[in-house]
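Chemist: With the sequences and hints as input, model every part of the structure.
Protein sequences appear in the order of chains Y and F. Its first residue numbered 1, the first sequence is counted upward by one per residue in the UniProt record's numbering. Its first residue numbered 1, the second sequence is counted upward by one per residue in the UniProt record's numbering.
Since the hints were derived computationally from the structure, they do not count as laboratory data. Do not rely on the hints blindly, as some may be mistaken.
Claimed, not checked - With the Cβ distance kept under 8 angstroms, some of the chain Y side facing chain F (calculated, not the full set): (1) 4; (2) 5; (3) 7; (4) 9; (5) 10; (6) 66; (7) 87; (8) 150; (9) 154; (10) 156.
As the list claims (entries may be wrong) - Pairwise CB distance ranges, derived in the manner of DEER restraints: (11) F/360 - Y/178: 40 to 50 angstroms; (12) F/128 - Y/255: 56 to 66 angstroms; (13) F/248 - Y/25: 32 to 42 angstroms; (14) Y/92 - F/360: 20 to 30 angstroms; (15) F/22 - Y/76: 51 to 61 angstroms; (16) Y/226 - F/20: 27 to 37 angstroms.
Every residue, glycine too, gets a C-beta built ideally from N, C-alpha and C.
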Amino acid sequence: MAHMTNPLATVDQLYRRTSFSALPSDLQDTIFFATQCLTQAAGVLLRVPQSVTAQANVVLARYWLVDSPLAHEFSDVSAAALFLVAKLGAHPCPPRDVCNVYAYLLSPSSLLFQAASPSPTPSPPKPDPSTYYLTETAYASFHTRILSLEARILYALGFDTHVALPHPLVVTYLQTLDFLGQPRAEVARRAVAHLNAALLSPQLLYLTHQPHAIAVAAVYNVARDAKAKMPECAWWEVFDVDREELGFLVVAMRSLEGWARRQREEGEPLGRGGMITRGFVEGEMRKRGLNFGNGGPEGEVDEETALMQSLDQKADQMEE
Amino acid sequence: MASKSRWADTADDAAVEAKLKREKEEKKRIKAEKARKAAEEEAKRKAQAEAQQRAAQAQAENEAANDDNANRPSAKRRKLTPEPGANEGEAAAKTTTDGESAKLLRFEAPGTGTWGPSRSVENYDKLNDIEEGAYGWVARAREISTGKVVALKRLKLDSSGRAGLPETGLREIQILKDCAHRNVVSLQEVVVGDDTTLGRIENIFLVLEFLEHDLKSVLEDMPEPFLASEVKTLLRQLASGVAYLHDHWVLHRDLKTSNLLLNNRGTLKIADFGMARYVGDPPPPKLTQLVVTLWYRAPELLLGIKTYGTAVDMWSVGCVFGELLTREPLLQGANEVDELTRIFELCGIPTEDSWPGFRRLPHARSLRLPSSSKQNAAATGSVIRARFPLLTTAGSALLSALLSLNPDARPSARDMLLHEYFRQDPKPKHEALFPTFPSKAGQERRRRRETPNAPGRGQPAELGSVDFSGIFANREKEERGGGFALRMV
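Modeler: Written out as structure tokens, the structure is:
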């Protein structure tokens, strides 16, 4: 059964995330969404299969329930998670490729995070290679950060990198339902699209629900999208999902689109033209009168401050 | 639409469901019971460890606070987890009487069901080194809070350090974490050195179940070979472990006697998954051929096959079988070419009949084999039967099948378990009656082993142009007489 189940987040882990973090939850959600999008984009550019990228998304989400997102630069964590998962599977990515791809995605030439600019240009501006040229020193330091984060992620997860995805299940489920009487390829594509979108959800669906439940929710959503006729009975129970869980997942998956659109419309910070950074979050928190050091109970904040300080020191040392 | 019938409630269905339900409840109850016990122990252990840590690290208040945060919830969680399970069982029992609401399978996560930071290696007391060599460092240690003796295996890091943690080690951890079988060594947890503050994590240890022996040193030190019944016990356990791995899509790719551990209760366990990996069906197209220690490496690997499967493990099992009988590795080639020569000497020369398509393998083009005309067919056949005169017909049939040159002709591990050989007299000896041996791992440093090591990654595999036509040059001249031996049971 290990191939079909995942370890799930504990109530306590989730509670600590929402209640004790120094980070306001809206920023936390924004960071999560942006970083997962970044991981997906990098997966595409690195030409790894979606199964690898999706696992990296899940690993990253699990990691952030153990260590605070503020402990490291978001894009570094994304790169390290992708590098780690790719290495474990059949599609390893050379560190240099990873670094180059992230250098591009984080540069102003990247089209990621720019689509929301007020006047969408029909022809994208010509990319300027000088903005994503990676110097040897920059490469070396990025590489070092990825490697140390790789170890950090493994340590935080107790070296368990097992991720079961709902994607194969959804195809099986659709087969048993005769593809809802719709064109097969289209239905399967829509279902997988729902699953991939759910990876980006700040509701951490992949950490709170087993793959089979997520797969059934995707089937339900596809059926609704296509207005397909489904059995009258509680067909989801055949797939071992109860009504309540299904309802939650369906709503969570359907609400993501609106939430993401609002994020873009509000402009801040996704529309700023670039990946959200730790520096930006720090500035934002200051603006709101929150220091990194006075948001929540002491333990958590102290830890973060300590991490930040030692990181800053490290950065200073490296510059010297 | 055919699936409609599955929803229909017939009397038969109801009966089957009721039966399934009963079985499930039973299982659930047992599981909940077990989980509760484990949780109690765990909580006790955690509490102890915590107290200890607090005392020791009074000065580092910050860290202690973190540890508390990390420890407390997980202990709490573990205590709570089994209860919902138990309640579910009851709930399910209630609905059985109602017969209305459907019962749903609850998928439970493997292992602890969640994740959290690794513990520190300081929870263990080192007792003695077991070995240090190409495989890295292994020591016997005792968990301080429980007194349980374990084996600590240090993850070997890349010398350059620019590739990050080695994927072989990480794959080993992942596969062992996913495996639970009595003939596969169990991984208790992964712990790290105490230097986990931010920066690098350099010392990573696998906490493995401790077994007193490995099969290789036992074989080396035995004055007499294993009895036929003991060979069967060991071989059956090996096959059962391999069958489990193959059922779970794991190729071990380095089966050999030094990787098979034996405890004093006669239980054999497969260890060292440094070469192992998950495969699918059909197998992935680009697997490395640089796997399996030379003496246990299947001919198709030596001939450079790109897509291989579980049969490579079965060849190794055959080699181990031979070694159990003679106490000597069966095919001790000095290099790839020599290994292949010895294989052909033992198993005969492959033909298009016995191994269709072998000529198309990358390194087979450079082979020059003696022409296999009808006259010397006898000379190019397998001599396994003659080499093991004491083995029963069924035994040598099994050995010959495992050592088939054609990978498709080798039995699967599941087939092997059903083989006549294990049902014949003498029956496999009960594990509890197994002889015991003085444990080297438990007491003293072990001798360096002479088995060649598993191939390093990234080394080129090159057979070059080889002339095998000489292998059987002398054999045709040999007497082909009687060839009979007295057989003892």
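Chemist: Against the structure shown, which of the earlier numbered hints fail to hold, in ascending order?
Modeler: none
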